[in-house]
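J.: Use these hints to put chain B onto chain A, whose structure you have.
There are 2 protein chains.
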Amino acid sequence: MGVTSNKVESLPNTTTPISVLTTQPLEIHKVSLPPNKTTFQSIKQSFSEFFFPDDPLHQFKDQSPFKKLILALQYLFPIFHWAPEYNLKLFKSDVISGLTIASLAIPQGISYAKLANLPPIIGLYSSFVPPLIYAVLGSSRDLAVGPVSIASLVMGYMLRDQVSPDQDPVLYLQLAFTATFFAGVFQASLGFLRLGFVVDFLSKPTLIGFMGGAAIIVSLQQLKGLLGIIHFTNKMGFVSVMESVFGETSEWAWQTILMGFSFLVLLLIARHISMRRPKLFWISAAAPLTSVILSTTISFIIKAPNHRIQTIGHLQKGLNPPSANLLCFHGNYLSLAIKTGIVTGILSLTEGIAVGRTFASLKNYQVDGNKEMMAIGIMNMAGSCSSCYVTTGSFSRSAVNYNAGSQTAVSNIVMASAVMFTMLFLMPLFYYTPNVILSAIIISAVIGLIDFQTAVKLWKVDKLDFLACMCAFFGVLFISVQMGLLIAVGISMFRILIQVTRPNTVILGNIPGTQSYRNMGQYGEARRVPYFLILSIESPIYFTNCMYLQERIMRWVREEEERIIRMKECELKCIVLDMAAVTALDTSGMEVLSEMKKALDKRSLQLVLANPVANVIERLHRSAKTWEVFGPDSIYMDVEEAVASVSSLLKYQP
Amino acid sequence: MGVTSNKVESLPNTTTPISVLTTQPLEIHKVSLPPNKTTFQSIKQSFSEFFFPDDPLHQFKDQSPFKKLILALQYLFPIFHWAPEYNLKLFKSDVISGLTIASLAIPQGISYAKLANLPPIIGLYSSFVPPLIYAVLGSSRDLAVGPVSIASLVMGYMLRDQVSPDQDPVLYLQLAFTATFFAGVFQASLGFLRLGFVVDFLSKPTLIGFMGGAAIIVSLQQLKGLLGIIHFTNKMGFVSVMESVFGETSEWAWQTILMGFSFLVLLLIARHISMRRPKLFWISAAAPLTSVILSTTISFIIKAPNHRIQTIGHLQKGLNPPSANLLCFHGNYLSLAIKTGIVTGILSLTEGIAVGRTFASLKNYQVDGNKEMMAIGIMNMAGSCSSCYVTTGSFSRSAVNYNAGSQTAVSNIVMASAVMFTMLFLMPLFYYTPNVILSAIIISAVIGLIDFQTAVKLWKVDKLDFLACMCAFFGVLFISVQMGLLIAVGISMFRILIQVTRPNTVILGNIPGTQSYRNMGQYGEARRVPYFLILSIESPIYFTNCMYLQERIMRWVREEEERIIRMKECELKCIVLDMAAVTALDTSGMEVLSEMKKALDKRSLQLVLANPVANVIERLHRSAKTWEVFGPDSIYMDVEEAVASVSSLLKYQP
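As given, the protein sequences belong to chains A and B, one line each in that order.
Going by the numbering used here, the first sequence opens with residue 1, and the numbers climb by one from there.
Going by the numbering used here, the second sequence opens with residue 1001, and the numbers climb by one from there.
So here's chain A without its partners, still in its complex pose:
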């Protein structure tokens, strides 16, 4: 009992609330409270930290009204940023890169539309309007906009689950456009409400697992085209696809197989060369269009349909027809459209933002996530009214764009123009393009999504990240696309909660010759301080972990006492909790701290806190009950001062 009461008696007149001993020779510093704030002020501050961490308006400070107008225009339409300084040299680079990505975008557009069970022409439409809108609104200079594989796959999968694209093609198309519209609304509102951090909840390991699984699912689906099978399962699961493939061997067409695999090998070799030598990026960039041209020529010469090789057939000429009248906001399928919109919206957003950030950091400029979301959202909303389905910045085409030397969003305009030209004049040429070549293009595109090396690295560095990755992978492969995604996000969340629920507590020891106290399990040279048990709590103290922490700290005390008896060392007198990492404390946590202090007091053990951060000391202070228990002389600025002050007091004890 003596410790606390002695101390208080020897110091009857502590006038300032948090003052600490000054009668001792050593200098003890107060733990300061942060300046007082009103409730409104602190709410306002949390609010602005939450929604405006990047302080988007800072550039408007101290500017003339005219300059402010210009800045606002530039802020809303990034095109005003670079347009005034645009020149012929930049334009030349952009034309080259724009044409390069167009050669990719045309075959990929047709293929990805097939992945979403949509008519091939929708893929071209989607490579025309959205890139133009993005060029005006988007802030990334390297993003190549258009349909992407993952979002196409998921949209096709979710819609086909309830509506058959073969039996009810108009309804299916309506739903696709409506889902695209909702995807756009969702994306734009995330950006507008500055909730962009939502996409961060899909962690990279999760995405890698998810994309790997989806790539395998997509590739398996392509076996239909690659083997020339006509009756194929509607399901996505590994098992049902395999059944379909080996159940219908009679439908296998050797002509199709021969053509498909030859071109697949060609495409994969091209991809491999470009991977090994980034300078030869144009080989893999040109490969798909070359394959299409080659295979169409062959198909034309041998009259493919006579040899069991299916071709695309007649495609309508002309630009995007308006489709606003096809949007449907009522009826039984509205919830399906909304759900599909949200899932594809978030997936495509994640891809677009990640691509934008990657290339921005390579070229050392900043992409504003929230603005980017609004741009992508508006682009999709406009797209849904002009016969486009979900689009975003594509990983593969943006990489080609970057490698081809794109300088500004003009490369997207060039690409859109090339697509326009194709739609106006070249559509009849696709009549003989074999379907099998589209399957080969899809496989060669998605194969790059399987990132085996990163998975191995995850296993080495972080087992839990690896687990999340694997769960996403197998979830997508064997359960369903949505479930895989849900499981992976769940595991990532769970990981955060676990860390908060079962935080580390470590014993600190003094590093000889310094005033630092460090983890004894980490620093071999750290030494125990007699009479003291110094613990560091490596987590905020919340309702989810306060009972655990109480038990765990009591166990440390018990173990230390047992050790002391075994080693015949000096008796334990004081427990110091290093609170540096306790960055938050809720009411349950405060109660547990007080309870622990009282329980230890009864055992003549003193409990003192060292180095509480601003909001913890503030909260301790605000709760009269806790403050009474801890008082001013159980809280020190650092462990060193706590040890020095408590041990000088111990000397005065009987």
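Derived by calculation from the structure, the hints in this document are not laboratory data.
Keep in mind it's a predicted model, so treat the numbers as computed, not measured.
By construction, the Cβ of each residue, glycine as well, lies at the ideal position given by its N, Cα and C atoms.
Incorrect hints may have been included.
Simulated pairs of lysine-lysine, DSS-like, Cα-Cα distance not exceeding 25 Å [as the list claims (entries may be wrong)]:
(1) A/Lys-625 to B/Lys-1460
(2) B/Lys-1457 to A/Lys-625
(3) A/Lys-37 to B/Lys-1460
(4) B/Lys-1568 to B/Lys-1651
(5) B/Lys-1279 to A/Lys-598
(6) B/Lys-1044 to A/Lys-457
FRET-style restraints, in silico, Cβ to Cβ [what the hints assert, rightly or not]:
(7) A/Gln-45 to B/Cys-1570: 26 to 34 Å
(8) B/Trp-1459 to A/Ala-72: 34 to 42 Å
(9) B/Lys-1092 to A/Gly-490: 50 to 58 Å
(10) B/Glu-1049 to A/Pro-512: 25 to 33 Å
(11) B/Lys-1463 to A/Leu-99: 55 to 63 Å
(12) B/Arg-1527 to A/Glu-559: 35 to 43 Å
(13) A/Asn-36 to B/Ile-1293: 51 to 59 Å
(14) B/Thr-1038 to A/Ile-565: 29 to 37 Å
(15) A/Asn-36 to B/Ala-1624: 44 to 52 Å
(16) B/Gly-1631 to A/Phe-192: 38 to 46 Å
(17) B/Asn-1234 to A/Glu-559: 54 to 62 Å
(18) B/Gly-1318 to A/Phe-494: 46 to 54 Å
Computed, partial: chain A to chain B, Cβ under 10 Å [as the list claims (entries may be wrong)]:
(19) Leu-33
(20) Ser-46
(21) His-58
(22) Lys-457
(23) Arg-502
(24) Asn-504
(25) Glu-538
(26) Ala-580
(27) Asn-611
T.: Chain B only, in chain A's frame:
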């Protein structure tokens, strides 16, 4: 660029990977890596920290086999702990407290059964078998076991939603027992699987809001009995109850109202007296039974049923009949029974554990949460086979038990005996007991659950806890019991995720005369160090916050540079990140750190880390790519050494 390369050149042969400069006069300490562990070892350690934080087997260490057997028996059946030392004096205390709680348990048992829409006798059955089982298995000395209001309310509410207790009483009873069985299974398995921390997820603010809302709902329901209304709504919501009350004014019976409110006032006065003077606890403890006796006598004399006062009527004599044959594990309602079991199971568990812990800490002994869960679970499983519904330790009766001086679980045995005596011989006496008195008893019991003062304290200390509390309160009151609970748990979780998603970053300054660096917003005396920007990150770095942190740190750098230009101070050279509170780092976090380092390098700004904790340095080291970027000389043991070492290097720069 010079900083890093200079440093490396001057130190070509750093043999140990994490060695730091030694050519300088100041002493720089290595940041140690914790000792190497195999994957298996680290998984084993995390596992045991997660499931066995209390090291439950420590008492078995170094004991003889016989002693081990005794300890094991004591561990499994806490009765062996105290039974050998039990004596007459303890027994006397236990008899007094046992009879006191029996006088509460009998009227409350009958009332709470009504709350769950069960026959009153089930309430008495439930106060007989479970206390006996708990006395053998339970480790709390003060818990008074029996039916409780919240679990009764929720069970009644959830079951009545699908099955009418009036039209289908047998099915309803079956479902109640089955739900009780599942509650028991759920509770016991939580304990057995050592997942007891699940109950911690219902934080105290959440519970206070929830219980306050439920108390009001319960009280409103009692208006049926209190006003003598016969046709009353089946719903729980505030609005529908009010409609029922004022829609049926013709059914109001003044005799019932007079009797009900008189006794309610009596009970509330008794409660108030006991609250003000804890020594007079027996007044409120005796009040319910006294009210029952008094009102029954009056009712008998005036022949109440003739005066529109409804009475309980005939009750069956005898002990609990077996009910295992009533459990039903198939059919349409199985999922309802399971759901009800889990919800009531977790609610009653939360109450039981909280009560046990509260009184254990008052008397300074430990209650093992996981063991307690198994005891409560087994008690409910056994209860479901002997005509009992969900039971747990009750807040109100345990407080009376404690105040009446209970010493061991024998008080539960005494209570059970008193209930047994009642069931065998006194049942006919309840024939004339008016229903209205049961409503009055329920109201006076639940009114104590409305904890207005704590809610006010929450508002003062912690706005987010207050918000969770209010959402639970209004959710229960206006939406539904389950939704209220869900919303509140959601908010509590969200709070944790928010703290991780938008962590604090603060600028540190040197406290003059010390080697400590502290938050400049908190410590007024802290001073900036020229050339340096020292930031502390107050959270683990995860995928959810790494993009935010990158943006925020870059903003700090930008603002600092602007400030320096404004104040004409010396140019910024180095950014030190204090990692003391960064207790975890995932792969996304590592990538962002490396990216930031590279981006700052390009701007000739050096980024160094100070004081990484064990698992962070380990992870940095394990990832070859990150380690290459940060290398050994960008990581220091503390901020002081980082500042000293970097500034001595700056001097050698051109």
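J.: If a hint holds in the structure, say so; if it does not, say that too.
T.: Each hint tested on the structure:
Of the supplied pair hints, the one linking A/Lys-625 and B/Lys-1460 holds, its CA atoms being roughly 12 Å apart against a limit of 25 Å. For the hint pairing B/Lys-1457 with A/Lys-625, the CA-to-CA distance comes to about 10 Å; that is within 25 Å, so the pair holds. Restraint check for A/Lys-37 and B/Lys-1460: the C-alpha separation of about 13 Å stays at or below 25 Å, so the hint holds. For a cut-off of 25 Å, the pair hint linking B/Lys-1568 to B/Lys-1651 stands: about 20 Å separates their Cα positions.
Our distance criterion of 25 Å between C-alpha atoms is met by B/Lys-1279 and A/Lys-598, whose separation comes to about 23 Å. Of the pairs offered as hints, the one joining B/Lys-1044 and A/Lys-457 holds, with about 21 Å between alpha carbons and a cut-off of 25 Å not exceeded. Separation of A/Gln-45 from B/Cys-1570 is about 30 Å and conforms to the stated range, judged on CB atoms against 26 to 34 Å. Distance hint for B/Trp-1459 and A/Ala-72: a CB-CB separation of about 40 Å, consistent with the stated range 34 to 42 Å.
The hinted window of 50 to 58 Å between B/Lys-1092 and A/Gly-490 holds, with their beta carbons roughly 55 Å apart. Against the hinted window of 25 to 33 Å, the Cβ-Cβ separation of B/Glu-1049 and A/Pro-512 comes to about 29 Å, which satisfies the hint. For the pair B/Lys-1463 and A/Leu-99, the supplied restraint of 55 to 63 Å holds, since their beta-carbon distance comes to about 57 Å. B/Arg-1527 and A/Glu-559 have their C-beta atoms about 41 Å apart, which keeps the hinted 35 to 43 Å range intact.
Remark: the range hint 51 to 59 Å for A/Asn-36 to B/Ile-1293 is upheld by a beta-carbon distance near 58 Å. For B/Thr-1038 paired with A/Ile-565, a C-beta distance near 32 Å keeps the hint of 29 to 37 Å intact. Remark: the range hint 44 to 52 Å for A/Asn-36 to B/Ala-1624 is upheld by a beta-carbon distance near 49 Å. Taken as a hint, the range 38 to 46 Å holds for the pair B/Gly-1631 and A/Phe-192, whose Cβ atoms sit roughly 42 Å apart.
Separated by about 56 Å at the C-beta atoms, B/Asn-1234 and A/Glu-559 satisfy the suggested range of 54 to 62 Å. Distance hint check for B/Gly-1318 and A/Phe-494: the Cβ-Cβ separation is about 50 Å, which falls inside the suggested range of 46 to 54 Å. With a cut of 10 Å, the hint placing A/Leu-33 at the interface with chain B holds, because the nearest CB-to-CB distance is about 7 Å. Hint status for A/Ser-46: holds, given a least beta-carbon distance of 8 Å to chain B, under 10 Å.
Because the smallest distance between the Cβ of A/His-58 and any Cβ of chain B comes to about 8 Å, under 10 Å, the interface hint for this residue holds. Look at A/Lys-457: its Cβ gets to within about 7 Å of chain B, closer than 10 Å, so that hint holds up. Here the hint on A/Arg-502 is kept, as its CB sits about 5 Å from the closest CB of chain B, short of 10 Å. With a least beta-carbon distance of about 6 Å to chain B, the hint placing A/Asn-504 at the interface is held under the 10 Å criterion.
For A/Glu-538, the interface hint holds, since its Cβ comes within 10 Å of a Cβ in chain B; the closest pair sits about 4 Å apart. The interface hint given for A/Ala-580 is met, as the beta carbon of that residue sits about 5 Å from the closest beta carbon of chain B, less than 10 Å. Interface hint at A/Asn-611: satisfied, since its Cβ lies 8 Å from the closest Cβ of chain B, which is below the 10 Å cut-off.
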